[in-house]
Amino acid sequence: MGTDDMIAQLAADLTPVRPVAPWRRTISWLLLAMALIAGMVAWHGFRPDLHERMLMPAEQVQWLASVIAGVLAALAAARMAEPGRSEAWALLPLPAVIVWLTGMGWGCLADIARIGPAALTLGTSWSCLGFIVGLGVPLLGILMFLLKDGASLRPGPVSALSGLAAAALCSAGLSLFHHLDAILMILVWHGMAVALVTGIGAVSGRLALAR
Amino acid sequence: MGMAVGAGLCRMRMPATVSFMRDEQGAWEVWMVAAQAGDSAAYTAVLRACVPYLRGVARRRLREPASVEDAVQDTLLTIHRLRHTWDPERPLRPWLAAIADRRAIDVARREGRRNGREVELAPLAETLAAAPGEDGEAASAAHQLRVAIAELPESQRTALRLAKLENLPLAEAAAKSGLSVGALKVATHRAMARLRKRMGATDRGGGPDGDG
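Same order as they appear, the protein sequences are chains A and B.
Using my numbering, the first residue of the first sequence is number 9, and each one after it goes up by one.
Using my numbering, the first residue of the second sequence is number 118, and each one after it goes up by one.
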């Protein structure tokens, strides 16, 4: 079929469409994610020492950084889901992620200073992993579905950013009700969970959305 | 408005707003907005106008004209499928270029895979062709024999050469090699036995293997 014939065919096939801005859908998704996570927090109840922990500036910075990373990652996913937008948008959440990780690293050092090398013993916290992955993956799926059309050109980055967004927000929510004092534990177990959900996004994006 | 947007379009009725636009880029956006609303004439106009641009983007990644046209057609189909993802507030070219580039990459990958699977037969056939007059097995055996002879002790090798290869009468061979006729016979015999053993045949001659 010649190109001209194809154009004629497509024009004959034309129906009206409403342009959809991915960022609008992402805002809806953010509201949904926050509502779900708030629901889980309310159900479990705030951790008893939340008040004291949130008074610590290091905790505040770290927690805020994870929330901001989540929000920015979602917006970056929306931008990347628009064909023609610069690839540089993918870096949007990076500063917040760096602050989050360094904040936790700093907290580890503070823990060591406070209670010695005992701070470095690493226990398991499968429930941490379970919560972030268990709630994060469905949220990831929802955002991928909302962005699927534009994402089809760059499915890997869009889905990876979506995974990061979902996991970062879940991690922030978890910190509000889960009893974990050792920052190393948070760094490792939340960190692993976030990396895992991001990875699931990257892989499944390419499989499910590439067209 | 300048007729820079391609043949045939000057015959089309353009929206009044377009005639005020100097910028060709603005024309495409106006058409695309109309196309999103369902206007087939505008859609045809914008697609025809942008095909040269799409070809240009595809040519950055593809060389064959057939592949370029392939990629352009894939791009047009994708444009059709994704036309609702273009934000009317944004310029159209980057959106078109992103789709065209992606489709060109896909075509390049498809072709790369296809070429990788095809095996060139001619060079392979030449490689396998035997030297004239020699088939593989014979060539291998001759080589083995040469190696085996080279491994013989000096005296045996000389004897073999004189008696068998040069086919001299025993008396003459003995004189040449400095061995007695008896010694020459023994040396020749040993050489043959050794060669036989080396080449894998059974040694009927018996006798100790050793330097002579």
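Hints are computed from structural coordinates only; laboratory data are not their basis.
Computed from a predicted structure; not experimentally measured.
One thing to keep in mind: the hints can contain errors.
Unchecked claim - Across the chosen pairs, the derived CB separations fall in these ranges:
| hint | chain 1 | residue 1 | chain 2 | residue 2 | range |
| --- | --- | --- | --- | --- | --- |
| 1 | A | P56 | B | P208 | 33 to 39 Å |
| 2 | A | A96 | B | A183 | 47 to 53 Å |
| 3 | A | R61 | B | E206 | 40 to 46 Å |
| 4 | B | P205 | A | A50 | 48 to 54 Å |
| 5 | A | T11 | B | R207 | 21 to 27 Å |
| 6 | B | R180 | A | G207 | 35 to 41 Å |
| 7 | A | W114 | B | P208 | 23 to 29 Å |
| 8 | A | P65 | B | E228 | 19 to 25 Å |
| 9 | B | G155 | A | S94 | 27 to 33 Å |
| 10 | B | Y170 | A | M48 | 55 to 61 Å |
| 11 | A | P65 | B | R198 | 48 to 54 Å |
| 12 | A | P103 | B | P205 | 56 to 62 Å |
Unchecked claim - Cross-link-like lysine to aspartate or glutamate pairs, in silico, EDC-like; alpha carbons within 20 Å at most:
| hint | chain 1 | residue 1 | chain 2 | residue 2 |
| --- | --- | --- | --- | --- |
| 13 | A | K156 | B | D156 |
| 14 | A | K156 | B | D191 |
| 15 | A | K156 | B | E283 |
| 16 | B | K281 | B | E271 |
| 17 | A | K156 | B | D204 |
We put the beta carbon where it would ideally sit given N, CA and C, even for glycine.
I'd like to know which numbered hints this structure contradicts. Please list them from smallest to largest. Of the numbered hints, 1, 2, 4, 7, 8, 10, 12, 13, 15 do not hold.
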